[in-house]
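Protein chains: 2
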Amino acid sequence: MYIDKFFNPQSVAIIGATEDPQNITSTIIQNLFQMGFKGSVVPVNPHHDTVFGLKCYPSLSDIKEQIDLSVIAISSSHVIEILDQHIESGIKNCIIISGGFAEIGDKGEAIEENIKRISRENGIRIIGPNCLGVLDNYSDFSTFFLPWSKVKRPSKGYLSILSQSGSYSISMLDMLSLEGIGVSKFVSYGNRADVGESELIEYLTDDESTKVIGIYMESVDDGRRFITASSRCSRDKHMVVLKVGREDSGVDAARSHTGAIAGKYEVYKAAFKKSGIVEVDNLEEFIDACKVLSMQKPARGNRILVLTNGGGFGVAVSDLCCAKDLDVASTPSQIKESLSNHFPEFFILNNPIDLTGSSGDEDFGTVLQTAFVDNDYFDAAIVIPLMPPQTMTERVVDIISQSADESGKPVVVCTISGEYTKKTKEQFELKGIPVFPSPARAVKAMSILVDRGKAHGI
Amino acid sequence: MYIDKFFNPQSVAIIGATEDPQNITSTIIQNLFQMGFKGSVVPVNPHHDTVFGLKCYPSLSDIKEQIDLSVIAISSSHVIEILDQHIESGIKNCIIISGGFAEIGDKGEAIEENIKRISRENGIRIIGPNCLGVLDNYSDFSTFFLPWSKVKRPSKGYLSILSQSGSYSISMLDMLSLEGIGVSKFVSYGNRADVGESELIEYLTDDESTKVIGIYMESVDDGRRFITASSRCSRDKHMVVLKVGREDSGVDAARSHTGAIAGKYEVYKAAFKKSGIVEVDNLEEFIDACKVLSMQKPARGNRILVLTNGGGFGVAVSDLCCAKDLDVASTPSQIKESLSNHFPEFFILNNPIDLTGSSGDEDFGTVLQTAFVDNDYFDAAIVIPLMPPQTMTERVVDIISQSADESGKPVVVCTISGEYTKKTKEQFELKGIPVFPSPARAVKAMSILVDRGKAHGI
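Note that the protein sequences, when read in sequence, are chains X and G. Each residue of the first sequence is one higher than the one before, counting from 1 in this note's numbering. Each residue of the second sequence is one higher than the one before, counting from 459 in this note's numbering.
If we strip away everything but chain X, and leave its shape as in the complex, we get (with noise of 0.2 angstroms):
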């Protein structure tokens, strides 16, 4: 399949290759040592004979291994000539990250038109202009063209993004990094000449080592094929979309960034819910709901325990969790009993659980064994552990995630993000525990795990 090509090539051929560090095929080839890719770079370039060490070739038609996939940054104007080099050397998929095209007006536009009109007539399959194109976890193959000095690149899992945005791609590589979330593929395809979302989504419904689909979408390729692709897509696998461009000065500022037409967005909205999708209002949402949707399962109900050792974090998360239509239920007085001789008479027992700054880490441990392991009452829980008490120390973090590991119920942990906590964090992460820095946050990727449940039929 033509899509595999541009995720796994054998041989890629970078067009216009140089050393000179201001020129961004200096830094995709550099990246691609860097990351270990074992297929071959192919540099070419008619002012060059080697670059970095490797031969460089006047023009594609020089080279005479088959080359699986050509990357083009150069300017906008000799783009035409050398997609004409591919007919002749039959190099079937190109990634086309050069801007100047449909975004800036009629004369980008045009170019446009003629790239689009290449790749029908002669099935060359094209992702871009005006991209950043392709990065895989598992091929080590990467055409995104930050250093990776700057830009952190993410743990190997199994979230895929596809995205209209080059900014919003590398922000989210970083913030994915950062939050300790596994990738498998990222797209970003830019002004999307050829290929876009709906082919995307139909070829990661089938890869295996993607479990969930993040989009950052300014607008749809094809309304149709989009909702049967991903009504397929979301019966197996998370999807998560981010759409912007929604109101008036957006859709104008949309048409300026990648030539997209937005279109109304309420009929985008109707179009996510009828496809299985989880639509997010903003970038943090979006990372939020890619994690947590990677590392737990969805719950069977939206009965969830509030567990935590600060008052006042108690009563946010019950707010929220109304707001959310998940039932803070009460705590069966039969588990009320049972906990109340393990602990003084000032905790508060009734859910929200309040363990209050006088508990410790094992206090933990007892609330959750009673009424979370031992007894199906509750669907799932949100604890938060507040560290800075003597009594709470690192070990909280295996008390906690044995106990959600022997329930086999979803459990996400708030805690806010001060120096010392950011160290529990990741803790709680390497063993898939999520951690939200705010009540707010971890209530909305509760809300999502109980909605996918529904979803679901669980």
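Any given hint might turn out to be false.
To be verified - Output of the computed footprint for chain G on chain X, the stretches with three or more beta carbons under 8 angstroms from beta carbons of chain G: (1) 150-162; (2) 279-285; (3) 307-319; (4) 351-364; (5) 388-400; (6) 419-425.
In short, the hints are calculated from the structure, not lab data. A quick note: this is a predicted structure, and the numbers were derived from the prediction, not measured. The beta-carbon is built from N, C-alpha and C at its ideal position, and this holds for glycine as well.
Starting from the known structure of chain X, fit chain G onto it as the hints suggest.
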């Protein structure tokens, strides 16, 4: 004035003082040492002769020197007898940190009623019980019983915080430190047997080191007094409130937490509006509002310049501005013409101005000078510099903050929180430019500056 003694005592008696690291008096005393508190610290405990090298007294009546303030952190069942000693010793200020009062039901409520009676009949002013007490960054005094190794102490500044919740207080401290927001005074007052937010607002209205007041509220102490005090205070200072206990389950949880009767949320909402208080919806917004009001001035209108090198962020910010009634007004044609002489044709000069990934530091300076410093058309600017392109360096911090200074108009920056961008965030904030980690939070912060500008009629 008696309230002042809570913040700037010359002598503090610590009831039940011990060197036992599990006892919170031990942390309080060591924190005071570490902060360099200039007043005298007087341990009171019949079981010790000295505590951390300080002479320890068997009871309050044995102390010869005048005591400005006592700190009580012993079991709730002994608090009344200690308060009785205050009457004899003439001590007029007391912070009761201990829990075990109205928040645990009938038995504790009876003790708390007794505390209120003693306070009222003898003119003893009380903060607490069930609280952290006080932090004053100017007198270097604190009763917060979390070790500064586990919670970071914020720097000295002009924000004062009033909080009913102890756990929120801790988390806010951590977040304020992390965000580089300077703090003046911090009061966690818990069950509020005596001193509450209304009286503290009256006090802070005349406090020169307080310019912004943030309030975390479960319930109000005295509605009428609160509105009068806030209306007066908000004329010259900014006030921000986060109200929790809005929904039914949150109201219940608040009652178990600090014994607060939260009441109808709609009434609160109207009161905040009437009093000129900025109401926010969650913890992030609270911190963001405090931050932007501490660092920037109100805007004199709603015409916002949006400047970025990442088109996707321009689209998102435009969307969000529109939803918040901020006007991303088109760049006037004479400014566009003037800019177009400096830039290649694929730079998008219509607001949002998208310099694309091909721009560098200086280009941000060129736009800001022409469109923002030399021209009065725009009232404020949101700048989103993406750092990953090779052409972007840390010099952009000086360029943007210098233009902001010269313009005399508010500027906020949005950068996404990767490892690399963290450094520029700190640099921006050292220069007084607040940085927000997402378009939504940057736009919300700007909308607060615009609203405050309207309220102050500038």
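Cross-check of the supplied hints:
Under a criterion of three residues with beta carbons nearer than 8 angstroms to beta carbons of chain G, the stated coverage of the segment 150-162 of chain X is upheld, 3 such residues being counted. Proximity of the segment 279-285 of chain X to chain G, defined as three or more residues with a beta carbon under 8 angstroms from a beta carbon of that chain, is established by the 4 residues found. Closer than 8 angstroms: that is the beta-carbon criterion, and the segment 307-319 of chain X has 11 residues meeting it against chain G, so the requirement of 3 holds. Only residues whose beta carbon comes within less than 8 angstroms of a beta carbon in chain G count, and the segment 351-364 of chain X has 5; three or more means the coverage holds.
Coverage of a stretch by a chain is defined here by at least three residues with a beta carbon nearer than 8 angstroms to that chain's beta carbons; for the segment 388-400 of chain X and chain G the count is 4, and the condition holds. Residue count for the segment 419-425 of chain X with a Cβ under 8 angstroms from a Cβ of chain G: 3. That meets the three needed, and the coverage hint holds.
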